[in-house]
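The chain contents come next:
2 protein chains.
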Amino acid sequence: MTIEKTMTFIEKLQHAWERSDSLLCVGLDPNWSKIPAHLKEQPEPIFNFCKQIIDATHDLVCAYKPQIAYFSGLEAEGQLQKVMDYTRETYPHIPIILDSKRGDIGSTAAMYAKEAFTRYQADAVTVNPYMGQDSAQPFLDYADKGTVLLCRTSNAGAADIQDLEVQGAPLYEHVASMIANDWNTHNNCCIVVGATWPEQMAKLRSITGDMPFLVPGVGAQGGDVKALVEAGKTSDGKGLIVNSSRAVLYASDGLDFAQAAREVALQTRDLINQYR
Amino acid sequence: MTIEKTMTFIEKLQHAWERSDSLLCVGLDPNWSKIPAHLKEQPEPIFNFCKQIIDATHDLVCAYKPQIAYFSGLEAEGQLQKVMDYTRETYPHIPIILDSKRGDIGSTAAMYAKEAFTRYQADAVTVNPYMGQDSAQPFLDYADKGTVLLCRTSNAGAADIQDLEVQGAPLYEHVASMIANDWNTHNNCCIVVGATWPEQMAKLRSITGDMPFLVPGVGAQGGDVKALVEAGKTSDGKGLIVNSSRAVLYASDGLDFAQAAREVALQTRDLINQYR
Chain F
1 MTIEKTMTFI EKLQHAWERS DSLLCVGLDP NWSKIPAHLK EQPEPIFNFC KQIIDATHDL
61 VCAYKPQIAY FSGLEAEGQL QKVMDYTRET YPHIPIILDS KRGDIGSTAA MYAKEAFTRY
121 QADAVTVNPY MGQDSAQPFL DYADKGTVLL CRTSNAGAAD IQDLEVQGAP LYEHVASMIA
181 NDWNTHNNCC IVVGATWPEQ MAKLRSITGD MPFLVPGVGA QGGDVKALVE AGKTSDGKGL
241 IVNSSRAVLY ASDGLDFAQA AREVALQTRD LINQYR
Chain A
1001 MTIEKTMTFI EKLQHAWERS DSLLCVGLDP NWSKIPAHLK EQPEPIFNFC KQIIDATHDL
1061 VCAYKPQIAY FSGLEAEGQL QKVMDYTRET YPHIPIILDS KRGDIGSTAA MYAKEAFTRY
1121 QADAVTVNPY MGQDSAQPFL DYADKGTVLL CRTSNAGAAD IQDLEVQGAP LYEHVASMIA
1181 NDWNTHNNCC IVVGATWPEQ MAKLRSITGD MPFLVPGVGA QGGDVKALVE AGKTSDGKGL
1241 IVNSSRAVLY ASDGLDFAQA AREVALQTRD LINQYR
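Those sequence lines, one after another, are chains F and A.
Position 75, counted from 1, in the first sequence is what this note's numbering calls 75; the numbers after and before it change by one each time, with no gaps.
Quick note: to get this note's numbering, add 1000 to the position in the second sequence (first position is 1).
Hints in this document: simulated from the structure, not taken from any laboratory.
C-beta atoms are modelled at their ideal positions from N, C-alpha and C, and glycine is treated no differently.
A couple of the hints might just be wrong.
[What the hints assert, rightly or not] Simulated coverage check for chain A against chain F, where a stretch passes if three residues somewhere in it have a Cβ under 8 angstroms from a Cβ of chain F:
| id | segment |
| --- | --- |
| 1 | 1009 to 1023 |
| 2 | 1058 to 1070 |
| 3 | 1101 to 1108 |
| 4 | 1122 to 1133 |
Using the sequences and the hints, build the whole thing.
Pasting the structure below:
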């Protein structure tokens, strides 16, 4: 395990893709209203919920992605710290992407990078590119860590700004080009590309080479998985971090929630693998 | 003071502009390396630094803007909570803008809104618009609270994306139009417009009517204050929340830091007022 501590995020991801034979990332979005009732009677229910999900799925994933909002909204930074520490110590081969979508400038951005990489010791962090390269630079300067930049997100409203036409192409393609050509000097960038748009994904794959894509918007439903994997995979059948949150986390709200999560994670991993 | 508790953010801002005869906002960016050494020997140095700055400047400002990164990077959410509570309880007429530049979708955005408006009880929060209207909506739905959307920021890298040309105009003008025409149904939007670009500010004023602008990038230096105030003010000589952080906070690193901060805040307020 000592070797893994010296791996970069990209190396760790590559290793995890192979070790788990999986492109699946489980998003840890502990929505209080959906956490099984029996956990809420015990101490640290958010941590315990995440821990049991992680223990039940660790051999099926290439990454975990804790969403910081669910912790900060509940004043539960301590439980997020425990999720990060537990995962890193128990499964050191699995990269952890802190989903916080930060974005600011100068010393402020440096403090957000410190939050992600020093405080929580994440392997990668999501970052919003709207403020430009100098706002991303304090994250990018952590050469061993991953910076996962929003490009074309999966929500309906993404079109409002990301699809605006710039020199004959949608804005998000320019964002992808900038990231690939100018921001990726340490080879530590990834981009977020929504699963809902396979044609856009294919174009972004052609723009960014083998850059990993974090792909939100995949449910347990099989329909789009074929299209997105075929559009987004790299030539070696990898290149994707396919995130599923709710479908896995809330497969059951009973005592069997972790086992139910495992079953959905297994199905989703295998479904993705059909099309690699 | 009871009346003020029922005011909306915009009403509170209007009231504060008049009460303090000031468009100045002091940004609370407690950079650990710049906090006076004598404070670091006492408990809760970040809170105490901010508290003394606030006590020394409260009659000179229209708002305070705590920058959450400086707290979260240092695991100091508790001290941020104390800054928020102290300011609200001691100076309930002064609106507090939590600068966190959040941006996400659905229930995640709702948790960020809860972080800002329920946990920290901020009057307004900064939000990144890149993910589109549905990502801003959970903030906008707090009709009494302010949502301060990034539009044209003051950093050099802002040009990378914000200045890209869309239908003959820079992207940020489209963002401003969308916010003014579609996102502002509760009349609770503001936009961030960097002080470094007075011509852009004048155009944005023409696009957004009387919408308040949060203007970062102003130092103690007088040069651009004239240009930005003349370009950005509304017809009644208000409409601007002119932020100064470092020039005020770190006017001195000695025992006299709060008094020195007051002097710079006073000079800056009066300089701004020359051009209203």
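Hints and how they fare:
1. 1009 to 1023: violated (count 0)
2. 1058 to 1070: Holds, because 3 residues of the segment 1058 to 1070 of chain A bring their Cβ atoms closer than 8 angstroms to Cβ atoms of chain F.
3. 1101 to 1108: Our answer is that it holds, as 8 residues pass the Cβ test (under 8 angstroms) against chain F, meeting three.
4. 1122 to 1133: holds (count 6)
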